[in-house]
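Protein chains in written order, with our numbering: chain A, 321 to 502; chain B, 23 to 157.
Hints are computed from structural coordinates only; laboratory data are not their basis.
Do not take every clue at face value.
[Claimed, not checked] Partner residues are not named here, just some residues of chain B that face chain A (Cβ under 7 Å, in silico): (1) R47; (2) E50; (3) A51; (4) S76; (5) E113; (6) Q128; (7) R131; (8) F132; (9) G145; (10) V146; (11) S148; (12) G155; (13) E157.
Positions of the beta carbon are idealized from the N, C-alpha and C atoms, including for glycine.
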Amino acid sequence: MPLVRIGKRRAVWDEPDPDEIAKTEFRNKDGSLDLRPSVYEVDGSGTMPAMGQVVRVHAEHTVSLISPPRGDGDDVVVDGCGNPTVHASAGDTQFDFANARHRELYFETDEDLVEFVRQVLATLPARRVQVSRGQLFAYIASRVDMNDPEWVRALGRGEAREAKGWNQELAKWRKREAEAKK
Amino acid sequence: MSSVVDTSWSIALPPRGPTTTRFERHCEAEFEHLAAHHPSGLIDLIAGGELEPSLLTFAAEIVGSVGPADMPRALHVLLPLLNHERPHVREGAVYGIGRIAMLAPQAGRFLQGVADDVSENEGVRSAARSVLGRE
Chain A
321 MPLVRIGKRR AVWDEPDPDE IAKTEFRNKD GSLDLRPSVY EVDGSGTMPA MGQVVRVHAE
381 HTVSLISPPR GDGDDVVVDG CGNPTVHASA GDTQFDFANA RHRELYFETD EDLVEFVRQV
441 LATLPARRVQ VSRGQLFAYI ASRVDMNDPE WVRALGRGEA REAKGWNQEL AKWRKREAEA
501 KK
Chain B
23 MSSVVDTSWS IALPPRGPTT TRFERHCEAE FEHLAAHHPS GLIDLIAGGE LEPSLLTFAA
83 EIVGSVGPAD MPRALHVLLP LLNHERPHVR EGAVYGIGRI AMLAPQAGRF LQGVADDVSE
143 NEGVRSAARS VLGRE
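Chain A extracted, bound-state conformation:
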């Protein structure tokens, strides 16, 4: 099943240099390259992930872990690139689905990681999956409106890292949606 990497910088994938991409997208906070980067396994085949699940893990990941709120993103399907081993790993989000779908890619060396990036880059157009602001907030709004317990806990009770900011962004999105429908 497709493995989807939720990116940090959309623009860096337009860089031609795999080394620069690796240093930007796959670096730990201490400055070392991340040889166990996180991905999410979603339904689908090859480089064609089930879009609904991509939006779901993107929303659950970003609301749990990204500060401050960020409204859209470019995800990348990374299957079949390089030679990492894939390990199930407890995710760090506030949502069971994303945590259950969380995986880590294990690389032996920095060079292995850069080679992986090189191979992703070689077939990038087929691997990019954009989650728009509209898709993201439509999904979040639907979960909140359905009183999904996890979303009520994360945003309604304010347990998400940036619940206030996400609630403000959600309110802005709802207002714009309502105005657009007038």
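Could you slot chain B onto chain A? The hints should help.
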């Protein structure tokens, strides 16, 4: 901030910006530490022009989280980065200015041009539109 000299800041790397001995190299953890405890150090580090693009993009984002007193200087170093040659650095600057705009909404006006510039990298434009709450 306390006026007492903080002796943990025993090494100055690079020369224009202090860092701490706890960080072996420039990194996100250092930037977050500086933003919280020594914001002028982070601002000087960015202004010094010595960070490589893959780090500068995150320094630019994180400097947006400095307190109100340091925001004008943070904005002063961020605005030129909107014209940096590397798109991921410009994207980081957009996020940094976006952070400032959460407390000082007028800062968002600096991103209008980025969001509307059809010649800009799509990732950078998308980031600006997102920060401005546009589709």
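Point to revise | Supplied contact hint for R131(B), tested at 7 Å Cβ to chain A | key: violated, 17 Å
Exercise for review: Grab the minimum C-beta distance from E157(B) to chain A and call the hint holds if it beats 7 Å, violated otherwise.
Suggested key: At 5 Å from the nearest chain A Cβ, E157(B) passes the 7 Å test, so the hint holds.
Point to revise | Restraint check, 7 Å cut-off on beta carbons, for Q128(B) near chain A | key: violated, 17 Å
Exercise for review: Let me know if the C-beta of R47(B) comes in closer than 7 Å to any C-beta of chain A, holds or violated.
Suggested key: Check passed: Cβ of R47(B) comes within 5 Å of chain A, closer than 7 Å.
**Study point:** Residue hint S76(B), partner chain A, criterion CB-CB below 7 Å
**Key:** Interface hint status for S76(B): holds (4 Å vs cutoff 7 Å).
**Study point:** Satisfaction of the F132(B) interface hint, Cβ to chain A closer than 7 Å
**Key:** violated, 17 Å
Check your understanding: Can the hint on G145(B) be confirmed by a CB-to-CB distance to chain A that is less than 7 Å?
Key -> holds, 3 Å
Practice item. Return the status of the interface hint for V146(B): holds when the least beta-carbon distance to chain A is below 7 Å, violated otherwise. Key: Interface hint status for V146(B): holds (5 Å vs cutoff 7 Å).
Point to revise | Per-residue hint verdict: E50(B), partner chain A, C-beta under 7 Å | key: At 4 Å from the nearest chain A Cβ, E50(B) passes the 7 Å test, so the hint holds.
Check your understanding: Per the CB criterion, is S148(B) less than 7 Å away from chain A?
Key -> holds, 6 Å
Check your understanding: Taking the least C-beta to C-beta distance, is A51(B) closer than 7 Å to chain A?
Key -> holds, 4 Å
Review point. Does E113(B) pass the interface check with chain A, least Cβ-Cβ distance below 7 Å?
Key: holds, 4 Å
The structure is inconsistent with the numbered hints 6, 7, 8, although it conforms to all the rest.
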